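**Q** Sequence:
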Amino acid sequence: MENLPYEIAQGGSLILLFMFVLLLSKVAKDLFTPYKIDEELSEKDNVALATSMAGYFAAITIIYIGAFLGPSKDLFQDLIAVGGYSGLGILLLNLSHEINDRFILRGFSNVKEIIEDRNVGTGAVQFGSYVASGLIVAGAIHGEGGGVMTIVVFFLLGQIGLIGFTYIYNWITPFNIHDEIEQDNVAAGVAFGGTLVAVGIILMKGASGNFVSWQHNISIFALDALLVFILLPVVRFFFDKVIIPRTSLDHEIHQDKNLGAGLLEMTSAISFAVILLFVMG
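Here the sequence shown stands for residues 1 to 281, numbered as in this note's numbering.
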């Protein structure tokens, strides 16, 4: 009971700070985009942008939690650290948007698909990319011995991992993921976006923990990235051939544009990643 006033002050301060961080992230997003977010969401009811923004705000929340769960000192220093790392996270997430546009969904303009075509599949991939990036940043923040440089480096390594997996995903599927998403295939976008979240979960583990040395921590990150590149395609094959043997996952997504199949692939990938995260400790 004697710590109750401090706990109330801490909880209230962190909630107020989180509200400020969300507001700041919205302002930053407005600055970095060529369109008016409020107009697209409220007047034009743009579901594609809403899907993307949902991933953006989810990623901000993940980063905030990662900063909050980091090393604690006193209330004032904790607020400075959490606010500072959250601000850095906002900048990195907006950078990830550019990386997503240029390298992950490189076959077309994300802005055109989201704003002009209102392509929900593109929004779903951006959702997954944001959440994956947020997980990686949160992992890099959580732990002792690092700093801004380690966060930025592991964020960039994470982006390389996401880009690399995009090539692998395109290779293991009989259809071109960029063509499918550009053709408004929401099922393909949801499946791929969910798989990016799964990649982010595992790479978060590689980026987290105390910083020992560049060689040590990057080696761990590279090993986890290798596991992702090998195991997620295996899980997709297993799910396709064993869990739903009477139909082809690729056919359902590519030919039938079956959103249910996309949701199932998303869930199977994320579920496996979560299990792998806890098994690997």
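Hints are computed from structural coordinates only; laboratory data are not their basis. Since we're looking at a predicted model, the values are computed, not measured. Some hints could be false.
Once the Cα atoms are required to be at most 16 Å apart in a straight line, the calculated EDC-like pairs of lysine to aspartate or glutamate come out as [to be verified]: (1) Lys112 / Asp184; (2) Lys257 / Asp179; (3) Lys36 / Glu116; (4) Lys44 / Asp101; (5) Lys112 / Asp101; (6) Lys29 / Asp101; (7) Lys26 / Glu7; (8) Lys29 / Glu39; (9) Lys112 / Glu40; (10) Lys26 / Glu40; (11) Lys112 / Asp179; (12) Lys29 / Asp117; (13) Lys257 / Asp184; (14) Lys73 / Asp117; (15) Lys112 / Glu98; (16) Lys44 / Asp117; (17) Lys26 / Glu39; (18) Lys73 / Glu116; (19) Lys29 / Glu40.
**Q** Each hint should be assessed against the structure and marked as holding or not.
**A** To see whether the hints hold, each was checked on the structure:
no. : hint            : verdict
1   : Lys112 / Asp184 : holds, 12 Å
2   : Lys257 / Asp179 : holds, 13 Å
3   : Lys36 / Glu116  : holds, 13 Å
4   : Lys44 / Asp101  : violated, 23 Å
5   : Lys112 / Asp101 : holds, 11 Å
6   : Lys29 / Asp101  : holds, 15 Å
7   : Lys26 / Glu7    : violated, 29 Å
8   : Lys29 / Glu39   : holds, 14 Å
9   : Lys112 / Glu40  : holds, 13 Å
10  : Lys26 / Glu40   : holds, 14 Å
11  : Lys112 / Asp179 : holds, 15 Å
12  : Lys29 / Asp117  : violated, 20 Å
13  : Lys257 / Asp184 : holds, 9 Å
14  : Lys73 / Asp117  : violated, 49 Å
15  : Lys112 / Glu98  : holds, 14 Å
16  : Lys44 / Asp117  : holds, 12 Å
17  : Lys26 / Glu39   : holds, 13 Å
18  : Lys73 / Glu116  : violated, 48 Å
19  : Lys29 / Glu40   : holds, 13 Å
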